[in-house]
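Chemist: Residue strings, one per chain:
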Amino acid sequence: AQRVTQPEKLLSVFKGAPVELKCNYSYSGSPELFWYVQYSRQRLQLLLRHISRESIKGFTADLNKGETSFHLKKPFAQEEDSAMYYCALRTSGTYKYIFGTGTRLKVLA
Amino acid sequence: GAGVSQSPSNKVTEKGKDVELRCDPISGHTALYWYRQRLGQGLEFLIYFQGNSAPDKSGLPSDRFSAERTGESVSTLTIQRTQQEDSAVYLCASRANTDTQYFGPGTRLTVL
Chain U
67 AQRVTQPEKL LSVFKGAPVE LKCNYSYSGS PELFWYVQYS RQRLQLLLRH ISRESIKGFT
127 ADLNKGETSF HLKKPFAQEE DSAMYYCALR TSGTYKYIFG TGTRLKVLA
Chain V
3 GAGVSQSPSN KVTEKGKDVE LRCDPISGHT ALYWYRQRLG QGLEFLIYFQ GNSAPDKSGL
63 PSDRFSAERT GESVSTLTIQ RTQQEDSAVY LCASRANTDT QYFGPGTRLT VL
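Quick mapping for you: the protein sequence lines, in order, are chains U and V.
67 is the number of the first residue of the first sequence in the numbering used here; add one for each residue after it.
3 is the number of the first residue of the second sequence in the numbering used here; add one for each residue after it.
Simulated from the structure, these hints should not be mistaken for laboratory data.
Just so it is clear, the structure is predicted and the values come from calculations on it, not from any experiment.
Cβ coordinates follow ideal geometry from the N, Cα and C atoms, glycine included.
Computed Cβ-Cβ distance ranges for the label pairs, DEER-style:
| # | chain 1 | residue 1 | chain 2 | residue 2 | range |
| --- | --- | --- | --- | --- | --- |
| 1 | V | G53 | U | Q111 | 15 to 25 Å |
| 2 | U | E120 | V | A4 | 19 to 29 Å |
| 3 | V | N12 | U | Y105 | 13 to 23 Å |
| 4 | V | V76 | U | K81 | 35 to 45 Å |
| 5 | V | Q85 | U | A67 | 20 to 30 Å |
| 6 | U | K131 | V | N99 | 21 to 31 Å |
| 7 | U | S92 | V | G42 | 20 to 30 Å |
| 8 | U | S118 | V | A4 | 18 to 28 Å |
| 9 | U | R109 | V | S55 | 19 to 29 Å |
| 10 | U | R109 | V | E22 | 15 to 25 Å |
| 11 | V | G42 | U | N130 | 20 to 30 Å |
| 12 | V | T32 | U | S158 | 13 to 23 Å |
Part of the chain V face toward chain U, derived, beta carbon under 8 Å:
| # | residue |
| --- | --- |
| 13 | A33 |
| 14 | Q43 |
| 15 | G44 |
| 16 | L45 |
| 17 | F47 |
| 18 | Y50 |
| 19 | D101 |
| 20 | T102 |
| 21 | F105 |
The whole structure should be built from the sequences, with the hints applied where relevant.
Modeler: Here is the structure:
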């Protein structure tokens, strides 16, 4: 069965430090991977998708098919990055999305 | 423009009662999703509507759960004979012809 694993429930880093939010998936086909973010008192929203190979708010994520990972990275964390981050997988041929359990990022001053 | 809206924002009910949760998607969005988010857990897929196709109900946890959608507009998620384990935030999302889902604010359901 397809699965998305985010091993860290909470990640705390200091402002200016690098941050990496881990995401691993299990799927034998060609996945589409996404990161969604939920800031305090706001709605869940798309942050980035692997197919776009974009950098949003300084965040990047590279799909590593060998390691079945899609870790989210930012070289210098900002306090406004504090939020809940969800990794999601869409399997080929469908528009059904599987979400991980989320990681809460706290950026400390 | 208006985003996805959900009502009610909070619902408290007694065990055994039926509840209806409503979702108004963004106008023109052909796809609509329902998810459940239990405390401390991720988003659990429930059901997915795409245009006039048969909905993907593979995530509904039991036959107490059902959902309807009228055309490409409003959707209602109904939970019959609610149980305490149904307590969660129920999220609705809609999508146009892209991979971006737009989420509503959610309905927090508490079953006493």
